[in-house]
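Q: Sequence:
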Amino acid sequence: MTKLTLLELRSPPLQFGGAAHTSDPKAGLEAAGPFDIRFGSARKETINLGVIGPPALADDARRWIDRVSAGIPVLSASTALRRPFPPFETVFRKSLIHTDFMTVALEGEADPIELALAHADPFDRFQAVVDLYGEALDRLSRRDVNRPDLVLLCLPDAVVEKCRTVERNSTEDERERAKAIRKSKASRQGDFFDVLDEIEEGADDLLKRDLRQALKARALAARLPIQLVTSRLLYDSVKGEDPATRAWNFSVGIYYKAGGIPWRLTPPGPDTCFVGVTFHHFHTRQRHVVQSSLAQAFSSEGEGFAIRGTGVPVTPGQRLNVHLSEEQAFDLGARILSEYLLRTGRSPLRLVIHKTSHFDDAEVRGFGSALADVPIVSLVTLVPSAVRLIRFSQYPPKVGTVFSLNGSRTYLYTSGFIPEIDTYPGPHIPQPFEVRSLGPEDSMISATDVFNLTRMNWNTADVRGKWPVTLSFARRVGGILNEYGDQDPEETSFRYFV
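Basically my numbering = 1-based index in the sequence shown + 366.
Don't read these hints as lab results, they were simulated from the structure. Every residue, glycine too, gets a C-beta built ideally from N, C-alpha and C. There may be inaccurate statements among the hints.
The following label-pair restraints were derived from C-beta to C-beta distances [unchecked claim]:
| hint | residue 1 | residue 2 | range |
| --- | --- | --- | --- |
| 1 | Thr445 | Glu693 | 35 to 41 Å |
| 2 | Val440 | Asp852 | 45 to 51 Å |
| 3 | Val440 | Gln760 | 21 to 27 Å |
| 4 | Ser713 | Glu856 | 21 to 27 Å |
| 5 | Leu372 | Asp497 | 54 to 60 Å |
| 6 | Asp852 | Ser713 | 44 to 50 Å |
All chains, full assembly: derive it from the sequences and hints.
A: Given below as structure tokens:
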């Protein structure tokens with residue numbers, strides 16, 4: 367006989383600038399302002415926005431900024447899901463500043479956008495567009511005066527359509543070179559990563575490139591955060607989101623990228639470092655490696671940072687079964703503690719690592735050795751499950767529903783009926799995660815952490831979020847670091863990656 371135990375967690379308690387405590391980011395921001403109001407005089411009163419793009423689109427972007435600054439009503443009845451957007455300064459207690467001095471218009475006797483798009487080779491066309499925007503971004507980043515806090519990169523529809531991604535296959539010579547590397551690995555296992563280190567590759571060696579990732583990498587090199595702007599944001603359409611919702615999501619994103627902290631979790635206990643580890647493919651003309659990416663979110667300060675782990679060579683039949691060696695897990699754990707200490711001046715009392723694959727024995731040993739001085743260490747795996755609960759209602763189970771089977775397997779719903787908006791906004795039956803935990807803490811504590819971290823995405827004001835911020839952010843890191851190159855960036859703040 368199967369024993370079912372069920373519990374509904376309360377919605378994650380978020381802290382804002384004032385006394386309000388709510389799990390709805392929009393309601394909290396409107397009532398109490400962003401969390402960093404508490405920083406007092408250390409907080410800037412303005413956000414200086416740069417704009418790069420063709421003249422007409424740049425003008426439309428600046429008009430959109432004016433709309434956001436003035437506030438935008440909803441076009442129909444207001445609901446918890448579709449809330450009017452008040453003036454930006456009313457919500458965030460900062461004003462948006464944009465001037466001609468912080469605008470770079472991409473223009474000339476010949477249209478530079480058209481010249482870039484005129485390249486017949488897709489990779490040449492892609493690189494020409496990246497260079498065009500990257501050089502304009504470099505000009506703004508080198509300024510001592512009128513240097514923006516954030517830059518809006520305005521992309522015409524033609525650029526998005528023709529350059530969103532480019533991909534090609536390896537040539538015969540490149541496949542032979544890759545085969546030689548694999549042979550070297552087979553005969554000299556210990557020297558394999560030395561062989562990889564000898565290969566100097568750049569962005570043009572990647573077999574697949576993504577425009578967003580390439581532009582984010584250029585922004586990372588310039589140490590100037592960016593927000594990509596397309597027609598979907600700037601222009602009202604019956605097929606798109608309503609303008610007030612776009613304004614909410616846009617505003618939260620630029621506020622964070624410009625250095626602000628919109629909200630944070632109520633600290634649940636000891637100073638905790640939450641970590642997400644994912645794997646991404648690094649596939650070039652010469653090699654195919656799976657590298658680990660890490661994104662971290664503090665429970666107390668709220669900042670996030672990105673770290674790239676070492677590579678795992680791809681082997682036949684490997685598929686999704688990628689794991690770190692004991693040495694790689696140790697190295698990654700040591701780097702987590704080093705970065706945390708650098709940013710906070712102290713070591714965490716509790717450290718939680720999230721993955722979507724199980725922790726094998728080598729990873730457990732490696733992380734255990736590196737994190738031996740941390741009092742509490744939990745290794746948590748999230749696995750999408752085929753198990754479902756059926757609720758006697760028109761809606762599926764509430765988000766935050768935790769259930770266990772026979773006391774041995776724990777499941778969590780992070781999507782489902784959302785009390786804050788009084789509906790389930792999804793198109794299909796939601797899928798729970800199975801939560802597996804290694805360490806001194808039980809799965810209920812781990813499930814509560816995961817649920818709380820689904821509300822920590824500072825790239826949107828949307829109350830919906832299936833994945834915890836640790837894993838959703840980590841997935842954004844890999845492709846950007848691929849484009850950045852083999853060297854680790856000077857900036858690790860996640861403001862540059864979202």
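Q: Between Val440 and Asp852, does the beta-carbon spacing fit 45 to 51 Å?
A: holds (48 Å)
Q: Look at the Cβ atoms of Thr445 and Glu693 and judge whether their distance stays inside 35 to 41 Å.
A: violated (53 Å)
Q: I want to verify a distance hint. Is the separation of the beta carbons of Ser713 and Glu856 within 21 to 27 Å?
A: holds (23 Å)
Q: Measuring from beta carbon to beta carbon, are Asp852 and Ser713 in 44 to 50 Å?
A: violated (29 Å)
Q: Does the beta carbon distance between Leu372 and Asp497 stay inside 54 to 60 Å, or does it fall outside?
A: holds (56 Å)
Q: That 21 to 27 Å hint for Val440 and Gln760 (C-beta), does it hold up?
A: The hinted range 21 to 27 Å holds for Val440 and Gln760, with Cβ atoms some 25 Å apart.
In this structure, the earlier hints numbered 1, 6 are contradicted, and the remaining ones agree with it.
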